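From just these sequences and the hints, can you work out the full model?
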Amino acid sequence: MGTELEARMQSKALAPTTPLKPFAELIEDHDLAKVPAEASNQFENDPELIPNRAHFIYVVNPFKDENQRKLIAEFKRLNPDYATTLWIDKKNYDSQELIDLTVWAKENHVHLLDINETLGGHMGSLESHYQFEILRKKPGAASDILRTIILQKFGGIYSDIDVLCKEPLGDIRDATGCQVNFGKRQTTSPGQHPFDKTIYLTEESAPNNDVLVSRPDHPFLEEYITQIHQNYEKTAEELFHGRRNQDFDYDEAYKTVGNARYRKQWTIYVTGPGALQDAVIKTKQFISQAVSVANKFIFGCSLSWMNEKRTEQLTENEEVQRLVTCLSVDLYHEPRVLRLATYASLCSSDKIFDKAIDHLIQDHPEYFTRIETIHDIQEHHQQGFYPDGRLLFNKNYFPNLNRDGLFVGYVNSIVNNPNPDTLDKKIANILALINNPDVPIQEKHIKRLFKNWAYSSSFQSTETQTKIMITVIEELNQRFGKDFRKDISKVFNKRPSLEFTKYLVDNGDGIDWNKYRTDILLRQLAYIGRSPISITAKKEEAKALVNRLLPRITDVNALVEMKVLIEEKGGDYAYLREERGFYGFFQTHGNTNTWKSILSQIKSSIDQQIKTPNIKSPNSLDKEKFSSFKKIMNEHTGRGFGAVTHAIGDEIDYDTYLSSKNTSKP
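In the working numbering, each residue carries its 1-based index in the sequence shown increased by 1165.
The set of hints was computed from the structure by calculation and includes no laboratory data. Source: prediction; values computed, not measured. Using N, Cα and C, we set each Cβ at its ideal position, and we do this for glycine too.
Pairs of lysine-lysine, DSS-like flavour, derived with a Cα cap of 25 Å:
| id | residue 1 | residue 2 |
| --- | --- | --- |
| 1 | K1667 | K1647 |
| 2 | K1667 | K1616 |
| 3 | K1560 | K1609 |
| 4 | K1271 | K1331 |
| 5 | K1241 | K1271 |
| 6 | K1768 | K1704 |
| 7 | K1199 | K1256 |
| 8 | K1516 | K1302 |
| 9 | K1241 | K1461 |
| 10 | K1235 | K1461 |
| 11 | K1199 | K1271 |
| 12 | K1241 | K1199 |
| 13 | K1186 | K1318 |
| 14 | K1186 | K1241 |
| 15 | K1235 | K1255 |
| 16 | K1255 | K1199 |
| 17 | K1647 | K1609 |
| 18 | K1590 | K1632 |
| 19 | K1708 | K1632 |
If you anchor each label on the Cβ, the simulated ranges turn out as follows:
| id | residue 1 | residue 2 | range |
| --- | --- | --- | --- |
| 20 | D1259 | E1628 | 37 to 43 Å |
| 21 | Q1395 | T1507 | 20 to 26 Å |
| 22 | K1632 | K1399 | 43 to 49 Å |
Put into C-alpha cells, the structure is as follows:
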C-alpha cells in the first residue's frame, strides 16, 4: 500500500507499552472473571506436546447466545485441565452486560480476557489489519487474524464458538507441533445447532481454520500471518485471479453487483481458508494433516456475529474518519469501484457520506480518477443513504465514471430513502442530477425509472415520496420539452397513491383517459378500499376521485364498461382488488354495505356522465360478448370475480379470452 494509507492504518494500531506477558501471568493479571489458573501440562519440556489451552473468540457484539455459551461450558466440563479462555472486546458491552458475562464465565471456570488490554500493540504486521476490520465491522476477518496471533503467541487449540466438543481431548501430541484438518469432519446443517435434539450430520472435506492446533511460534502460523498480510497488499484483481481462478474476469465482475459475488468470498481469500491453504502449500513439511482432534468435534454453521446490532456513540467527525479510512482501503483494493452501500449501516446520516467524499476529494483527488462505477447506487439497489449529487456527478472529480443508467438508481435511492431528510435536500439533489449536462439521461432511462416506481410497492407510500416523484416528472418535462405523464400512466401496474393519482388526473391532459380509465379508477378504488382510514373518509376519497376522472372520459363504451366492472355482487364481496393483472370484488369483514353503497354512488355518477351531451353514441360495445367474457374469467379465477381487465394500457381483447376457455387458472 501507499505510504499515506499505511500511515492512516497505523494510526489505528495500539502501541505496545510493555512486553507481552507469558500466558499464565496474563490470566493472573487480566482475567475479568478471576478464575484460578490451571496447571500447565509442561509442554515446554516435550516438543510434541500441545499446550493445554483452549481459545474462543467473540468480537463486535456482546456474547449473549445461550446455546453458544453452553458449547464453551461443555468444552470446559469435558476438559477440566484445559485453560479455557474467551477473548472479547469489552468496549462492546455496557456495564450490566459485562457483569452478566463475567458471572457466567466464573460459574463455568472460563477465563475472560479483553483483546485490546492484553494483545493491543502485540499483533505485529497484522495489527493495523485487525483494527481496520473492527473499524468496518467485519468480525469474521478480525477473528481470523486473532486466532493466528493467539496461537502463535501462546499455542493450544482454537475453536469457533459454534463447534461442539463431544469427548475429552486429553493430551494432544503431534510430531510436527501443528495440526491442520484436511480430513472428513461431521457438520450440522446451516441454521442448525449442535444442541438440537435431532441432528442430521453430514461430512465435509476441506482445509479450514474453524479448529486449529499448534505449539507457540510455529513456522506454519508464521507463514499464515505473512500470507494474510500479503493478501491485504493485493488488489482484488490480483487476489482473485490466482491458480484457483484462472477464468476469473475482473473486468466484467466488478461492474455490477450481481456479478460481484467474489466480494462475498473476500474474507475467505484474504484471512480465512483461502489464506490458510496458501500457507499450507508453502509449509506442508512442518504440519500434520491428522484428523484425530477434528473427529472429536461437531462443526456448526452459525452466523451469529452480526445478529445483534450495536448502537455506537461516535461523534460526527469519528464517523467521517471511519468512512474515509474504509473507502481509502477499498479504493486501494478496487480502484475502479466506489462501494458506498457497504457502509450505509455504519453511518448515522447522509452527511457522513457527503463529508467523507468531500474530504477525500480535497485531500486525495487521485483516488477518484479511476472510478468507473458506483455501488450500490444502481437501478435495483435502493438502499439506505445517498451522497450529494453535486459532488457525485461532477465530471471534474469522477472523469471516468460510467454514468449510463446511474440516473435511475440515484433517483430511486432518494425517493426510497427512509431517513428523515428534509424534502428540500432530496429535491435539491434531484435537481442537481436532472439539470447536470454531464449526466446522460435518455428516454429509456426514464421509462425504466417509471417501471421501478410502478412495480415497487415501497414507492408512493408517503407524501414526501409523492412530492419527489412529481418533481422528477416536472423537471424531466422541462429538460426534454415533453409531457411524461402519459408514459407513467402506461406502466403503473401497482396502485398509485391517491395524491399521485390526483396529480395524473388533474394535470394529465395529454393522457387518453378513454383508454386508461380502467387502470386509474379500478386501481385507485382498490387502494381506497384497503386503506385503514374510516369508511366515511373512504367514501369522500372515492367520490373525489370519480369527480376528477369522469369528466375526462367521453367515450360511452368506456363508461358502460366501467359501470359493468363496478357491478355490485351479492354476499360478502365488497371491495375491488387486483390479482395477477385482474380485478374483482374480494371478501372483506368490514362494513360491506357501506362500501357497496359507495360503489353504487359511483355507478350513479357514471350514469349521469353517460347522459351528458358531449358523450359519443354507443358503437362497438358488445354486451353479450362482454357478459360471456365475465363468465369465463369467473371460472378461471375461482374467486367469483365480477370485474376483470387485461394488461395495463391495453383494450380488453374479448375474442382472445372467449377462445381461452381451456386456459389454466391464473
